[in-house]
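Trainee: Letter by letter, the chains look like this.
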Amino acid sequence: MYCLFCHQLIEHGLSWQTILPKLDPICPNCAQLLAPIHLPTCDYCGRDDHISCLDCKRWRPSQLLCYNRSVFRYNTFLKEVIARWKFRGDYQLYALFVHSFQARFNQYFSELPKHTWLVPIPLSEKRLAHRSFNQAEALASLLPRTTVPLLKRLEGEKQSKKTRKHRLAMRNPFLYQGSQEDVDFAQPIVLIDDIYTTGTTIHHAAQRLRAAGHQKVYSFTLAR
Amino acid sequence: MRGKGHLFVIATMIGFLIAGPHSLIITGVWIFLLALAYWKRRLRLIECFILFVTSVFFAWYFPKVEMIDKPPNQDFVQITGTIQQINQIREHYSSFVVIEEQTDHLIQINNFSANQPSLVSGATCHLTGEVVLPSQATNPGQFDYRAYLARQNIHYQLNINDVNQIHCQGGHFIGKGVELRHILMDRINQSLSPATASWLNAITLGNRDGIDQDYIELFQRWHLSHVLAISGLHLSIVIMILTLLLIHIGYLTKERSSQVLFVFLSVFPFFTGGSPSVWRASLVSALSFFTLFNQYKLAKHDYLSLSFICLLIVSPQWIYHLGFQFSYLVTFSLILSRKLLKRLTHPLLKGYFIGALSMLVVLPLQIQRFYYLNPLSLIVNPLFSGYFTLFVIPFLFFILFAFLLFPSLAQLLDVIFFTIHEPILKLLLTIDDHLFHPLILGEFPRYSLVLYYLALFMLMYALEQKNKPTCWLALISILIIVGFQQIKPYISPFGKITMLDLGQANALVMELPYRQGVIIYDLGARPDFDFVTASNQVYQEVIKPYLYQSGIKHIDAIILSHDDLDHTGSLDYLLEDFSVETIITSYFFQGSEQILTLIKPTNIKYNKVKAGQAFNIGPQSFFVLSPSQDWGNENDNSLVLLTQFANMNWLLTGDISEQVELKMVQAPFKYHIDVLSVAHHGSASSTSAPFLEQFQPDVALISVGRNNRYNHPSDDVISRLRSHQISIYRTDKHGAVQFLYHQNKPHGTFFTFYP
Chain A
6 MYCLFCHQLI EHGLSWQTIL PKLDPICPNC AQLLAPIHLP TCDYCGRDDH
56 ISCLDCKRWR PSQLLCYNRS VFRYNTFLKE VIARWKFRGD YQLYALFVHS
106 FQARFNQYFS ELPKHTWLVP IPLSEKRLAH RSFNQAEALA SLLPRTTVPL
156 LKRLEGEKQS KKTRKHRLAM RNPFLYQGSQ EDVDFAQPIV LIDDIYTTGT
206 TIHHAAQRLR AAGHQKVYSF TLAR
Chain B
3 MRGKGHLFVI ATMIGFLIAG PHSLIITGVW IFLLALAYWK RRLRLIECFI
53 LFVTSVFFAW YFPKVEMIDK PPNQDFVQIT GTIQQINQIR EHYSSFVVIE
103 EQTDHLIQIN NFSANQPSLV SGATCHLTGE VVLPSQATNP GQFDYRAYLA
153 RQNIHYQLNI NDVNQIHCQG GHFIGKGVEL RHILMDRINQ SLSPATASWL
203 NAITLGNRDG IDQDYIELFQ RWHLSHVLAI SGLHLSIVIM ILTLLLIHIG
253 YLTKERSSQV LFVFLSVFPF FTGGSPSVWR ASLVSALSFF TLFNQYKLAK
303 HDYLSLSFIC LLIVSPQWIY HLGFQFSYLV TFSLILSRKL LKRLTHPLLK
353 GYFIGALSML VVLPLQIQRF YYLNPLSLIV NPLFSGYFTL FVIPFLFFIL
403 FAFLLFPSLA QLLDVIFFTI HEPILKLLLT IDDHLFHPLI LGEFPRYSLV
453 LYYLALFMLM YALEQKNKPT CWLALISILI IVGFQQIKPY ISPFGKITML
503 DLGQANALVM ELPYRQGVII YDLGARPDFD FVTASNQVYQ EVIKPYLYQS
553 GIKHIDAIIL SHDDLDHTGS LDYLLEDFSV ETIITSYFFQ GSEQILTLIK
603 PTNIKYNKVK AGQAFNIGPQ SFFVLSPSQD WGNENDNSLV LLTQFANMNW
653 LLTGDISEQV ELKMVQAPFK YHIDVLSVAH HGSASSTSAP FLEQFQPDVA
703 LISVGRNNRY NHPSDDVISR LRSHQISIYR TDKHGAVQFL YHQNKPHGTF
753 FTFYP
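So the sequence lines, in the order shown, correspond to chains A and B.
Quick note: the first sequence uses my numbering, first residue 6, plus one each step.
Quick note: the second sequence uses my numbering, first residue 3, plus one each step.
It is possible that some hints are incorrect.
[Said to hold, decoys possible] Derived contacts from chain A toward chain B, CB cut-off under 10 Å, selection only: (1) E16; (2) Q22; (3) K27; (4) L28; (5) L159.
Rather than coming from a laboratory, the hints here were simulated on the basis of the structure.
Here a beta-carbon is modelled for each residue, glycine too, at the ideal position from N, C-alpha and C.
Given these sequences and hints, build the entire structure.
Mentor: See below:
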């Protein structure tokens with residue numbers, strides 16, 4: 006088997022721990038470049054390097070989100086992986102994090118009921134057509150919960166092309182598109198996205214959901 | 003499946019287990035494990051399937067061990083066959099295996115004549131000799147040579163006493179090549195000093211026949227035998243020297259020299275005796291050289307696994323070979339520990355780690371085979387292993403190359419070698435004299451073996467994870483598993499009485515419940531070739547293994563009935579290995595003086611008793627019924643004892659004759675006997691009718707040799723016993739006879755080694 010990222014043969018040097026290694030399509034070298042987020046994390050935004058962070062100071066008082074949790078630190082390596090995955094269309098790369106993504110979800114959201122809804126952050130129609138897949142939906146599909154597209158995104162500039170200041174000052178690009186009849190507002194919702202950087206996107210989405218009447222909104226992202 | 007070769011090794015071994023008993027359970031567990039691995043995303047479905055098929059294939063492929071107990075039709079035969087394997091050639095003994103031409107049966111030839119024929123693999127031989135069944139174990143703990151040979155598919159031996167009855171011709175190409183080795187060994191023996199020559203032959207050419215048996219046993223006691231076997235280390239030294247020669251002196255390219263080495267490696271095992279470890283090492287190196295020529299790259303342990311499977315396909319009986327098992331166990335565990343070894347920076351620490359791990363990983367197999375463990379070897383072993391690895395092995399190869407190229411230099415190196423080597427061997431001998439304190443662990447049951455390996459795996463896993471609590475937990479579990487072996491007899495409510503089968507000699511071992519005492523009544527031996535001195539054969543082959551297997555290291559009392567070789571001969575040998583509290587004989591015992599001199603340097607007590615007295619060994623009471631007077635002959639002066647096991651009265655009689663029996667019948671003290679140990683191997687002059695009439699025993703135990711020259715037991719005695727409806731247990735028919743009883747229960751059960 007070859008590593009999906011570096012395309013080298015996957016060789017676990019045999020040792021007492023790797024007599025029967027997991028079938029992850031990532032070689033030990035690349036795997037060690039991924040930095041999983043370890044407990045303890047910031048109880049709000051889920052990062053583990055600055056346990057009380059500036060972003061939290063901004064968002065916490067808004068009380069839009071119960072909390073955010075993430076799987077990996079957004080380091081140089083992960084940046085490269087996500088860039089290739091998202092922007093250069095190497096869709097298969099999501100397989101690199103399947104197990105960690107599932108395992109962390111079960112760990113962090115074990116208390117939520119089984120019928121919790123997942124709401125992936127949508128792409129605008131133009132972007133979706135350009136990219137041909139929504140990375141948030143791809144991630145949500147890995148989790149054993151129902152995905153419900155409650156949000157719609159208006160056209161806008163690419164997030165990643167904006168500066169931090171711009172992003173924070175942006176208007177809310179999301180629209181709520183759930184109908185009153187089929188929606189149970191007491192049901193917890195987990196927003197799914199690939200990256201939580203400043204928290205703007207997640208909080209914009211959360212704001213729409215809260216405004217529509219949903220009581221509990223969480224978020225879970227691959228990178229933080 | 004690259005990088006997963008080790009899983010095939012596991013599948014092969016499971017195939018071996020499936021071929022044995024409990025195959026359904028093992029298959030079930032195996033399927034469950036594979037399914038678990040699939041479900042936990044560790045293996046793909048196709049991989050699970052391939053592994054399962056591998057184990058099923060090997061379950062079918064491993065030869066079923068058949069035991070043939072049918073004696074040969076005729077004693078002396080003439081056979082024609084081809085030499086398949088040469089086991090050993092010593093001065094007064096050689097042994098080899100031939101395939102008989104007509105039947106394709108394998109037959110082991112033992113040649114006891116003073117002269118040894120020149121033997122070449124593949125040669126056709128006409129042989130005349132006596133056909134015998136290999137000797138069989140008849141006692142618990144005894145090495146079963148018949149089963150050992152049966153596993154190699156050999157069922158008969160041909161004993162030859164005259165070299166003129168061996169006529170061999172020809173030999174195949176490889177056999178002729180091996181002949182070169184003998185010529186080389188002879189030349190080494192002639193031109194170098196004997197000390198150096200024997201070690202040179204053993205370590206570079208794989209022939210240990212020149213090394214003193216005492217040294218081989220010494221190395222065994224200190225778990226050092228592996229340095230005597232040619233293995234990967236030796237090979238890597240040879241490869242290193244050859245590569246240097248080929249590249250720097252022969253001016254060959256790297257590719258060309260690896261091709262030369264590949265050819266060299268494929269003949270090397272034939273040239274060095276072909277033991278499993280040589281094959282392993284050569285095959286692994288040859289495979290990795292082979293892959294240098296093409297692009298397909300495998301992990302190192304894949305080559306090792308491949309060699310394992312290739313060797314078992316070619317000779318499946320090697321799965322039983324202790325050397326094969328040790329060789330692969332150690333190599334695999336070292337490969338698994340590469341990560342751990344990298345962490346150790348100091349070479350001395352590395353050496354210790356390797357030494358200790360190699361010991362731990364083969365420990366259960368060693369206990370199963372030898373019933374003891376030498377704890378101090380954990381300290382001593384790495385030192386000597388290191389000495390062999392760093393000095394002896396490279397230096398001897400150096401001597402060998404010098405011997406081939408510059409003989410005069412070899413003479414000089416010879417002197418250097420033995421001036422260093424001899425004192426160091428002496429040192430090991432001294433250490434052995436003072437520090438050999440074996441922990442006698444007894445029989446190591448299967449479940450302990452499984453638990454031990456699980457704990458060892460946990461230990462290594464935790465070490466790699468640097469998980470200290472788990473390390474300690476695993477280490478403590480290992481100590482408990484091994485330590486439990488020591489405690490087991492002390493918590494067992496069962497007592498065991500064993501009449502050992504020593505042939506025409508007696509020994510009755512009494513192990514009391516909760517190990518409250520170990521008492522031995524008589525310690526016979528068989529005479530040596532001179533018919534006067536006691537041979538240590540039955541002691542080494544039966545008595546010591548039995549006591550070791552039962553986990554006995556201390557004997558509370560040795561009771562000797564009378565001074566005859568077949569009742570006392572093994573005493574001297576036993577005192578060398580075991581601690582003994584008391585020796586008890588009758589007042590009229592003739593060998594008292596010898597016993598006194600024997601025990602003088604020790605603190606063993608010596609008590610003499612006579613009729614009417616009673617003595618206790620722990621909670622066990624013995625009443626002395628005879629001798630009350632000096633009967634004037636040794637047999638009649640035998641110490642006759644009455645004791646009780648499981649509420650049954652046991653009478654131990656030594657070699658008394660009718661007249662002593664009569665005296666006992668007439669004695670005013672009346673009692674009943676349940677178990678009678680029949681006097682004098684069932685001779686007609688004992689076990690008289692009035693005696694049986696009076697005591698009415700239910701069970702008779704007869705210790706007697708097969709086809710002995712006295713025709714014991716006498717038919718009269720047997721019919722007398724039969725007429726009293728007495729059940730008879732005899733060592734010549736049943737092997738060892740054991741009586742097992744519970745501390746608090748009134749009855750026990752007799753077991754025989756052979757049904």
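Trainee: A separate judgement is required for each hint: does it hold in the structure or not?
Mentor: Hint check results:
no. : hint : in the structure
1   : E16  : 6 Å, holds
2   : Q22  : 5 Å, holds
3   : K27  : 6 Å, holds
4   : L28  : 5 Å, holds
5   : L159 : 40 Å, violated
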